[in-house]
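Heads up: the sequence lines are chains A and B, in that order. With the working numbering applied, the first sequence has no gaps in its numbers, which climb one by one up to 400 at the end. With the working numbering applied, the second sequence has no gaps in its numbers, which climb one by one up to 651 at the end.
The set of hints was computed from the structure by calculation and includes no laboratory data. Wrong hints could be hidden among the right ones.
[Claimed, not checked] Here are the computed lysine to any residue pairs in the SDA-like style, where the Cα-Cα straight-line distance is at most 20 Å:
no. : chain 1 : residue 1 : chain 2 : residue 2
1   : B       : LYS506    : A       : ARG230
2   : A       : LYS7      : B       : ALA623
3   : A       : LYS233    : B       : GLY491
4   : B       : LYS523    : A       : LEU2
5   : A       : LYS233    : B       : ASN514
6   : B       : LYS541    : B       : ASN514
7   : B       : LYS407    : B       : ALA623
8   : A       : LYS233    : B       : THR494
9   : B       : LYS523    : A       : ASN245
10  : B       : LYS635    : B       : THR430
11  : B       : LYS506    : A       : LEU2
[To be verified] If you want a taste of the chain A side facing chain B, the calculated C-beta under 8 Å gives, among others:
no. : residue
12  : SER196
13  : PHE197
14  : LYS233
Predicted model only: the values in this text are computed from it and were never measured. The C-beta atom is built at its ideal place from N, Cα and C for all residues, glycine as well.
So you can see what is in the structure, the chains are spelled out below.
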Amino acid sequence: MLGLDKKDTSLLVIVAILTLLAPFILNPFPSGSAMAQFNAGYPDLMQRFVIFGIFAIGFNILFGLTGYLSFGHAAFLGVGSYSAVWMFKLFSYNVIPAIALSVVVAALFSLLIGYISLRRSGIYFSILTLAFAQMSFALAYSVLSNPKFNLTNGETGLQVYADDPQLFHRDSLPDMPHLFGLSMRSTYHLDIGAWSFDFNAGYYLCAVIMMVMFYLAIRIFRSPFGMMLRAVKSNQQRMNYTGLNPRPYTLAAFVISGMYAGLAGGLMAAMDPLAGAERMQWTASGEVVLMTILGGAGTLIGPVLGAGFIKYFENIFSKINDNILHQWFSFLPDGFEDFMVFIVHPFIGKGWHLTLGIMFMLVVIFLPGGLVEGGQRLGNWLRNRGKGAAEAKTKQEPAE
Amino acid sequence: MGILEIKNVGKRFGGLQALSNVNLSVAENTVHAIIGPNGAGKSTLLNCLVGKLIPDSGSVMFDGQSVLGRAPYEINQMGISRVFQTPEIFGDLTVMENMMIPCFAKRDGAFELNALPSVRNQKDVVEHAMHMLEEMRMADKRHMHAAAMSRGDKRRLEIGMCLSQEPRLLLLDEPTAGMARADTNNTIDLLKQIKEERDITIAIIEHDMHVVFSLADRITVLAQGTPLVEDSPEKIKGHPKVREAYLGESA
Numbered sequence: 001m002l003g004l005d006k007k008d009t010s011l012l013v014i015v016a017i018l019t020l021l022a023p024f025i026l027n028p029f030p031s032g033s034a035m036a037q038f039n040a041g042y043p044d045l046m047q048r049f050v051i052f053g054i055f056a057i058g059f060n061i062l063f064g065l066t067g068y069l070s071f072g073h074a075a076f077l078g079v080g081s082y083s084a085v086w087m088f089k090l091f092s093y094n095v096i097p098a099i100a101l102s103v104v105v106a107a108l109f110s111l112l113i114g115y116i117s118l119r120r121s122g123i124y125f126s127i128l129t130l131a132f133a134q135m136s137f138a139l140a141y142s143v144l145s146n147p148k149f150n151l152t153n154g155e156t157g158l159q160v161y162a163d164d165p166q167l168f169h170r171d172s173l174p175d176m177p178h179l180f181g182l183s184m185r186s187t188y189h190l191d192i193g194a195w196s197f198d199f200n201a202g203y204y205l206c207a208v209i210m211m212v213m214f215y216l217a218i219r220i221f222r223s224p225f226g227m228m229l230r231a232v233k234s235n236q237q238r239m240n241y242t243g244l245n246p247r248p249y250t251l252a253a254f255v256i257s258g259m260y261a262g263l264a265g266g267l268m269a270a271m272d273p274l275a276g277a278e279r280m281q282w283t284a285s286g287e288v289v290l291m292t293i294l295g296g297a298g299t300l301i302g303p304v305l306g307a308g309f310i311k312y313f314e315n316i317f318s319k320i321n322d323n324i325l326h327q328w329f330s331f332l333p334d335g336f337e338d339f340m341v342f343i344v345h346p347f348i349g350k351g352w353h354l355t356l357g358i359m360f361m362l363v364v365i366f367l368p369g370g371l372v373e374g375g376q377r378l379g380n381w382l383r384n385r386g387k388g389a390a391e392a393k394t395k396q397e398p399a400e
Numbered sequence: 401m402g403i404l405e406i407k408n409v410g411k412r413f414g415g416l417q418a419l420s421n422v423n424l425s426v427a428e429n430t431v432h433a434i435i436g437p438n439g440a441g442k443s444t445l446l447n448c449l450v451g452k453l454i455p456d457s458g459s460v461m462f463d464g465q466s467v468l469g470r471a472p473y474e475i476n477q478m479g480i481s482r483v484f485q486t487p488e489i490f491g492d493l494t495v496m497e498n499m500m501i502p503c504f505a506k507r508d509g510a511f512e513l514n515a516l517p518s519v520r521n522q523k524d525v526v527e528h529a530m531h532m533l534e535e536m537r538m539a540d541k542r543h544m545h546a547a548a549m550s551r552g553d554k555r556r557l558e559i560g561m562c563l564s565q566e567p568r569l570l571l572l573d574e575p576t577a578g579m580a581r582a583d584t585n586n587t588i589d590l591l592k593q594i595k596e597e598r599d600i601t602i603a604i605i606e607h608d609m610h611v612v613f614s615l616a617d618r619i620t621v622l623a624q625g626t627p628l629v630e631d632s633p634e635k636i637k638g639h640p641k642v643r644e645a646y647l648g649e650s651a
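Bound conformation, chain B alone:
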C-alpha cells in the first residue's frame, strides 16, 4: 500500500474526457514523477488530489483516508503540500512574514484570532520561521518584499514554506518551468537534499526530462488521460511506447 492511492479516477470537462481510469500508487518516501505530453491530464490529476477539482468517479486515498470532498485547506492539514507551476507566495509581504504564515498555520490550525498578541506568543513561530529561512539559505533576504525576488528565489521560498509544515507528501507542479539553467540545477540540488534529509514523499509533474531523470525513483507516463506505463527511470528511458507517445520518436 502506498501513501497515496488513486483508483479509477475519471474527470470530464464537457465533451473532453480529461482523465479516465487513472490508477496510481505512490510509495512512501519515494520520488514519483508523472510525465506526459501537453494535455495529457497531469495538472487535472494534481488538482483532483488537492481539492481544487472533484473527480467524477473513483477514489483518492491519502494515508488510508479519502481526500475527496474536502476543502484545500483541510487536505493541507492532512499532510499534503503543493508547489505551483508559477510560485504562489504572498507577494505583498516580506520574506519573513511569508515564512511565518505557514508556521502559524502549523501551530494554530485553520483559524486563530490572535489580534492582540504578546511577543512571547510569537516567539516559537519566529524561531521556526528563522530556522527554515536559514535552511533555505535566504535568511539575509528576510526583510525583502517577496514579489521583488527572482524566480528561483521565489520557488525556493515556496518550497521552504511547504516544508515548514512538515508535510508527508509534497506535490510539485513543474517546479522548474520558465527557469534559467542555473536556477533549474539549484532546484534539483535542493530537492535532492530534501529527499535525503527528510521523511517525505514527493510527487512531481515535470516537462524537463533532465529534472525527472535526476530525481525520480518511479515514473508514470500519462497520455490522453490514462497512465500508459509505470516503471523505473531506466526502463522508461528505453520503453518504445514512451518514446513514441512522449519523446516524439517513432519506434
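Excised from the complex, chain A in its bound form:
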C-alpha cells in the first residue's frame, strides 16, 4: 500500500490507529478516580505528544541515518514558531499559511547552518550546531527585540496583539488560530459512564500531519537516498571512493530534518499563538536528542515513542506532590509513611528530571537500541518462552 512493503504498512496502520484513538487510550482511568492524575488524554498534552513526535522523527532522519549528532535543532523549531506567529500577526489566524511559512523559513535557516556546520563531522559538527543554536537563542532573546526593530519581542515572547494588522482577518472568524474557521481549541467532550474523553480539533490536525510526516519518513528510510545516508554513517571513505560526494547527502538530510523541526515549531504556535526564545535554548535541543536515543535512534517508531515517553513523564510525574504521596503510602504506619515520602520525594514534582535521568541511564546501559530494542527483546522472550514450553511438552510425551 502507498509504495510500502507489508511490514511498514502495518506499522503505519498501527501508528494511525493509536494516534486517532489516543483520546481513548490515554484516558484509561475514570475521571473522578484517584488514578485520574495518570490520564494523559487532555488536548494540551496530546498535542505535545504528536508535535514532539514530528520533531523527533525529523531529527532521527539526520541522527539515526547519517550519525551526525546535531545539538542545535531547537533553533529550527524556534524559527518555525516565530514565523508562524508573524503570519498570524500580519495576515490571518489561519494555520495553513502559518505552518507553510514556518517550514520554508526553517528550511532556509537550516540550509545556512547546515552548509557551514557540515564542513566538520563528529564532535566538531555537534559543537558548531550547538554554537549556532545558542547564537540564535541570544539573538531572539535580546538582540532582535530592540524598540527600533522588534522581531522577537524578547523575554515576553512574540504574541498577537489587538492592534496587529491581521489583513485577512474577519469578525466572523474565531479570534485564535483556526483551520478555515474551525478553531484549534474547539473540543468535543464525550462522557461514557465515569469516563470522559476530549476530542480536540488542534490535536487531530497535528495527528494527521504527524501521520503524513511518519509516512514520508518511512519512504525516505526505504529509498536509495536513505540507503546513501546510512552509507554515510557506515563508511564515508568508501563513499568518496565510490564516486559519491557525501556532503550534498548530509546537507539534504540536515535540511529535511530542519524542515520537520520547523513544522513542529509552526504547529506549536498554531496550537497556542506564542513564541518564546526559550524554545531555542540548548536544553530544548538536548531534549530531542534524548527522545531519539531513548526511543531508539535509526528506528522508525523509536523517536515517536521516546517523545511520548519524555513528555508523559514531564507532565505527569511533575504533577505528583507530597500530598499525593502521603495518600499513596497512607496504609503504612506513620513513621514508615513519612520515610517513604522522604525517599520518593526527590523523584517527583520538580525532581522529575532525576527520574528521567535514571530512566535514560538505564535504557542506554541495558538497552542501547532504546525502547524499540526493549520491545523486540520482550517479543523474542515471549516467543521463545512459548516455543520452549511447547518443546518441553513434546519432550515429556515419549517418557509417558
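Position chain B relative to chain A; hints supplied.
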C-alpha cells in the same frame, strides 16, 4: 603513452622526503605491480593518485587529464577505483545494499535526491547489483550484514563493488594483507580472471611476492621514495640491486 603517467612526483612530510622524483608509466590493460620495503613510499604514492594527498611537485595524468587537485569522488568518476588494505565496505549495510550503492553512483553520478523512488526507478540498479553479486559468487549472501563476513568475502565484495563501476584503472593496496593462504589464492584467481575477462588496467601494491609474480606484467621497485628499477617479473627476480634492497640478500 600509458593510461597513467606519473612525472617527477615529490612529497614531503615535515623532515621526511616520502617521495622524490617518481616517474612511472602504467600501460593500458596490463598489471603493474609496485613493490618495495616498508616505508618505501608505496602507499603515499597511491594516495597521491586518488586525491587523498596532493604531491608537492610533479604531475599525475590519467588518460591525458590531470588528477591533481580533484576530490576523491571526482577522480573515481574519471575511472579510477581503489581497493584498500583493510576492506573498506559499508559494514552496517547488507551485501546487496553494498553492491547497489556503486551501481547507483554509476547511474546517477555524485548526488541524486532519490527520496521517494518508484520500484521501476530502481529496477536496473537492482539487476546490475544482482549480476555483479553472481559474478562474485556471493549472491547467496546478499541479505547478510557486510560486517559479519569473513575477511576474504569482504575483499571479494569490495573488488566487486569497484568492478561494478567499470573502472579503467583498478588500484589495489596490498589486497591479500592479513589473509589466510586459501583466501590469498582465491584472490589471486579472482584477479587473474578479472584481468582476462575485462579491459582493465590494474596497479597493485603488494608485499607477498607470490601474489606479485603470479599476476604482474611489469614491476616497479620503490626504495626510499624513488623507483629503483622497472622491468618484467623475470628480470626483477634476478636483479642484484633488487635482491639487495628488497629481498634482503647481499649480492
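*Against the earlier hints, flag every one the structure doesn't satisfy and list their numbers going up.*
2, 6, 9, 11, 12, 13
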